[in-house]
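Read top to bottom, the protein sequences are chains E, Z and S. Sequence positions in the first sequence follow numbering that gives the first Met the number 0 and run 0 to 312. Sequence positions in the second sequence follow numbering that gives the first Met the number 0 and run 0 to 312. Sequence positions in the third sequence follow numbering that gives the first Met the number 0 and run 0 to 312.
Check the hints yourself; a few may be wrong.
No distinction is drawn between identical chains; accordingly, a pair holds when it is met within one copy or between any pair of copies.
[What the hints assert, rightly or not] Heads up, simulated SDA-like pairs for lysine to any residue below, C-alpha to C-alpha not over 25 Å straight-line: (1) K166 to K222; (2) K256 to A85; (3) K36 to I20; (4) K34 to K114; (5) K34 to I66; (6) K36 to G61; (7) K244 to N208; (8) K114 to V129; (9) K213 to E240; (10) K234 to E31; (11) K130 to N245; (12) K163 to T4; (13) K161 to D8; (14) K213 to G86.
Please keep in mind that the hints were generated in silico from the structure rather than gathered at the bench. What you are looking at is a predicted structure, and each value in this text was computed from that prediction instead of being measured.
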Amino acid sequence: MLNYTHISDLSNLKDTIENAIELKADPFKNAELGKHKNLVMLFFNSSLRTRLSTEKAARQLGMHVSILNVNEAWELEFEDGTIMNAGSAEHVKDAARVISQYADIIAVRAFPNLKDKALDQSEYILNSFVKYATVPVVNMESATGHPLQSLADAITITEHHKEKRPKVVLSWAPHSKILPQAVPNSFVETMQLLDVDLTITHPTGYELNPEITKDTPIIYNQKEAVQNADFIYVKNWSTYEPYGKNINQDANWMMTKAKLGNAKFMHCLPIRRNLIATDEVLDHENSLIIEQANNRTFAAQIVLKQLLLNLNN
Amino acid sequence: MLNYTHISDLSNLKDTIENAIELKADPFKNAELGKHKNLVMLFFNSSLRTRLSTEKAARQLGMHVSILNVNEAWELEFEDGTIMNAGSAEHVKDAARVISQYADIIAVRAFPNLKDKALDQSEYILNSFVKYATVPVVNMESATGHPLQSLADAITITEHHKEKRPKVVLSWAPHSKILPQAVPNSFVETMQLLDVDLTITHPTGYELNPEITKDTPIIYNQKEAVQNADFIYVKNWSTYEPYGKNINQDANWMMTKAKLGNAKFMHCLPIRRNLIATDEVLDHENSLIIEQANNRTFAAQIVLKQLLLNLNN
Amino acid sequence: MLNYTHISDLSNLKDTIENAIELKADPFKNAELGKHKNLVMLFFNSSLRTRLSTEKAARQLGMHVSILNVNEAWELEFEDGTIMNAGSAEHVKDAARVISQYADIIAVRAFPNLKDKALDQSEYILNSFVKYATVPVVNMESATGHPLQSLADAITITEHHKEKRPKVVLSWAPHSKILPQAVPNSFVETMQLLDVDLTITHPTGYELNPEITKDTPIIYNQKEAVQNADFIYVKNWSTYEPYGKNINQDANWMMTKAKLGNAKFMHCLPIRRNLIATDEVLDHENSLIIEQANNRTFAAQIVLKQLLLNLNN
Chain E
0 MLNYTHISDL
10 SNLKDTIENA
20 IELKADPFKN
30 AELGKHKNLV
40 MLFFNSSLRT
50 RLSTEKAARQ
60 LGMHVSILNV
70 NEAWELEFED
80 GTIMNAGSAE
90 HVKDAARVIS
100 QYADIIAVRA
110 FPNLKDKALD
120 QSEYILNSFV
130 KYATVPVVNM
140 ESATGHPLQS
150 LADAITITEH
160 HKEKRPKVVL
170 SWAPHSKILP
180 QAVPNSFVET
190 MQLLDVDLTI
200 THPTGYELNP
210 EITKDTPIIY
220 NQKEAVQNAD
230 FIYVKNWSTY
240 EPYGKNINQD
250 ANWMMTKAKL
260 GNAKFMHCLP
270 IRRNLIATDE
280 VLDHENSLII
290 EQANNRTFAA
300 QIVLKQLLLN
310 LNN
Chain Z
0 MLNYTHISDL
10 SNLKDTIENA
20 IELKADPFKN
30 AELGKHKNLV
40 MLFFNSSLRT
50 RLSTEKAARQ
60 LGMHVSILNV
70 NEAWELEFED
80 GTIMNAGSAE
90 HVKDAARVIS
100 QYADIIAVRA
110 FPNLKDKALD
120 QSEYILNSFV
130 KYATVPVVNM
140 ESATGHPLQS
150 LADAITITEH
160 HKEKRPKVVL
170 SWAPHSKILP
180 QAVPNSFVET
190 MQLLDVDLTI
200 THPTGYELNP
210 EITKDTPIIY
220 NQKEAVQNAD
230 FIYVKNWSTY
240 EPYGKNINQD
250 ANWMMTKAKL
260 GNAKFMHCLP
270 IRRNLIATDE
280 VLDHENSLII
290 EQANNRTFAA
300 QIVLKQLLLN
310 LNN
Chain S
0 MLNYTHISDL
10 SNLKDTIENA
20 IELKADPFKN
30 AELGKHKNLV
40 MLFFNSSLRT
50 RLSTEKAARQ
60 LGMHVSILNV
70 NEAWELEFED
80 GTIMNAGSAE
90 HVKDAARVIS
100 QYADIIAVRA
110 FPNLKDKALD
120 QSEYILNSFV
130 KYATVPVVNM
140 ESATGHPLQS
150 LADAITITEH
160 HKEKRPKVVL
170 SWAPHSKILP
180 QAVPNSFVET
190 MQLLDVDLTI
200 THPTGYELNP
210 EITKDTPIIY
220 NQKEAVQNAD
230 FIYVKNWSTY
240 EPYGKNINQD
250 ANWMMTKAKL
260 GNAKFMHCLP
270 IRRNLIATDE
280 VLDHENSLII
290 EQANNRTFAA
300 QIVLKQLLLN
310 LNN
């Protein structure tokens, strides 16, 4: 693995999950692997879980961590060939090569603007770092994907499923703001790689990028979709086509205990209580949200471990 | 000790002070105690001394430190049962449980707003972390108390007093802004636990919470109050009743060398020179302000040490 | 060396450069030297290279690093004797002494305002820390100098020159903003100490402080100045007299491949592409900009190493 920008960068997802679960049982087993190595975490957007879990993961591998809120430095230029006489003070081409002098691995968080679909789909920030950095790049949530989250979700499902082939439902929920599709995109892509029965449910108009959902069944009736589910992953996202709209805030799509039944409840957090899901759901013993957050550490750690092993080769 | 939110959380203040003084003489004695343990420091408000001293203390115990300015992430919700469709993106119930996945100890700094007395007195931010976190919580200054500062003050007085029972005076001083009562509250509560002769002096109207001052004498004549004092702790605070007012900026309450006499001068810092006390007082050899700041490290270190020992049991 | 505020603080520049190059070959050679020592980095201004390279350098020496954006704390007072009843909450006299309790070395970045020449020339921020701190102070770019950058530049030239006495040209370039003279000042002062043939070229009116340039030749015709150059260091700066003006944005002063010839291209970064120099220059194999950035780590590391050795004596 040269970078971790997408779940498909893992050569073997199932092995990676198993290795993460082993790491979780003995998190300091590789405490010397990252000795004298530096992880530089670049935030174009704010973070709580990703920041703390990735920092913890790196340190459990013995790495040093430097954290930079890019917006506190200065605006980066991403266009090639421009005369840089306006706002941006440094080209990503130079910034990425420079940061590579100080980092053994660079992790980047850069959300979409949700206004210009082509721009967001181009993943110009993440991909610029991949292109120009001379060290491995880790995606800490980009415009269209959040593969550290979906790896943590896959670990959580692997730990908690009892069925041979669990039924997993991704259910849209209402929100007052316009949110990215990164989390549902990566969740779908990751589940498609596992031996699970995946169903997506959302109101009409909220179809995700069809190149991602492929032939995963979409059921527009939430009640029908969640029947006999073993895991229900609830998440809001804005529309993909037309892009970045919030066309529905129907509170009937909120997850309730009645709808949850005996399924395990999942969400990536942060979650707006009583909007996405009721307090009853979130505080129920079937809620896996805290365990998902915990597994963010081990998702990051197994990814960093693989990158470090590759560096040392 | 399960948490350190108040000086009374220490099972034995005098022993703690002695142990802190021993640690100060050999700060890396327990450099292995915090190995592989992580302190997450959460700042709702800015900090210089608390930030640097607590970080240093944790590292001297071998801990890793993660620092998060909460306001750079997003607004937390503290009300129970609300439909979270407004500004706040995450409930403290979830945030505290999540951060507990990444931390072995959580330290929180959250000032009062000084507008709503009941809200400030409820210590809703600090207490929410105490309630929901699944790891120990340390108070790095809350709405009504600053027990790391008062422990540092107690260490400083213990190191410098020559008298069997020193006379300690807490004297109000004028300020151009409206400041919390956290520092004087904790100072009074801490001095009440030590073998000192404590007197409080301030203009009428600046009485602290009577449940805190209890039967500690209050003398409204500053000159009379400071006579024969061994230690004079100067500090501004706003009124408790009515709440959060700045009713007096009388420069005559500023501490001068004439008033200080041979007493040692104390202040928690930051201090506004020539408003709270004259340059002459602050730069005098009897000023203990820098030593108080130095002792912040050992106050934090002895608290973290006790929490770590408890964790390991 | 007691502090590193200026290139002249190094007792022997050439030996320092040689030692830095040795460190670069074995960066963890002194990984125990800074054990249990803490570097506090204070930023009054934003930073990318300086922040990451100095942090990396300190850690390679085994130090802990604390980073504080001073503006996130509160305004410092620098005037003596004032009644502090306005904006500033803490006097640098106290802040510097307090931070010295938590730091073994303090590093400070504080840019000029470029409005008040006397104030900027006084280096009141950096010099206040030098005056009041009780531990060594490192200049991470001040109002008038950037000696960590110029040391990195000297290392880079030493590594890359083939000539016995290379011709080095400092060439002004246009910019849309008003920039400090810190980088060119330190570059000139550092080159004057080395066995190089230094020439300065800029439009009339951009003369640097004559007390710095001394008898270094200034040629106002860029084309003539760069002839047969081995190294061309390109940089914008604003006028020194009258102070802080941008009197010329003539694009003809941009560095092009034709002008560069076979010389090595240098710049401290961040650089505005196609304004200071063309893409062709920056992406050419003769461009040393990434190597200069890399050498920032070893410049900082050799300086910190010397300060630590001095501390331990």
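For K166 and K222, with the copy left unspecified, which applies at a CA distance of at most 25 Å: within, between, both, or neither? Cα proximity of K166 and K222: one copy only (14 Å, versus 73 Å across).
Within a copy, between copies, both or neither: which one fits K114 and V129 at a CA-CA cutoff of 25 Å? within (23 Å within a copy, 41 Å between copies)
At most 25 Å between alpha carbons: which applies to K234 and E31, within, between, both or neither? Classified as neither: same-chain Cα gap 38 Å, cross-chain 42 Å, threshold 25 Å.
If the cut is 25 Å between Cα atoms, do K161 and D8 qualify within a copy, between copies, both or neither? neither (28 Å within a copy, 44 Å between copies)
Cα distance capped at 25 Å. Does K244 pair with N208 within a copy, between copies, both, or neither? within (14 Å within a copy, 52 Å between copies)
How would you label the pair K213, E240 (within, between, both, or neither) given a Cα cut-off of 25 Å? For K213 and E240, the Cα distance is within 25 Å only inside one copy (16 Å; across copies 66 Å).
For K130 vs N245, is the C-alpha pair at or below 25 Å within one copy, between two copies, both, or neither? neither (33 Å within a copy, 35 Å between copies)
Treating 25 Å as the Cα threshold, decide for K36 and G61: within, between, both or neither. The answer is both: 8 Å in one copy and 13 Å across copies each meet 25 Å.
If the cut is 25 Å between Cα atoms, do K34 and K114 qualify within a copy, between copies, both or neither? Cα proximity of K34 and K114: none, with 42 Å in one copy and 46 Å across.
Intra- versus inter-copy proximity for G86 and K213 (alpha-carbon distance at most 25 Å): neither (40 Å within a copy, 35 Å between copies)
Indicate which option fits the pair K36, I20 if close means a Cα-Cα distance not exceeding 25 Å: within, between, both or neither. The answer is both: 24 Å in one copy and 20 Å across copies each meet 25 Å.
Indicate which option fits the pair K256, A85 if close means a Cα-Cα distance not exceeding 25 Å: within, between, both or neither. between (53 Å within a copy, 23 Å between copies)
Hint violations for this structure: numbers 4, 10, 11, 12, 13, 14, all remaining hints satisfied.
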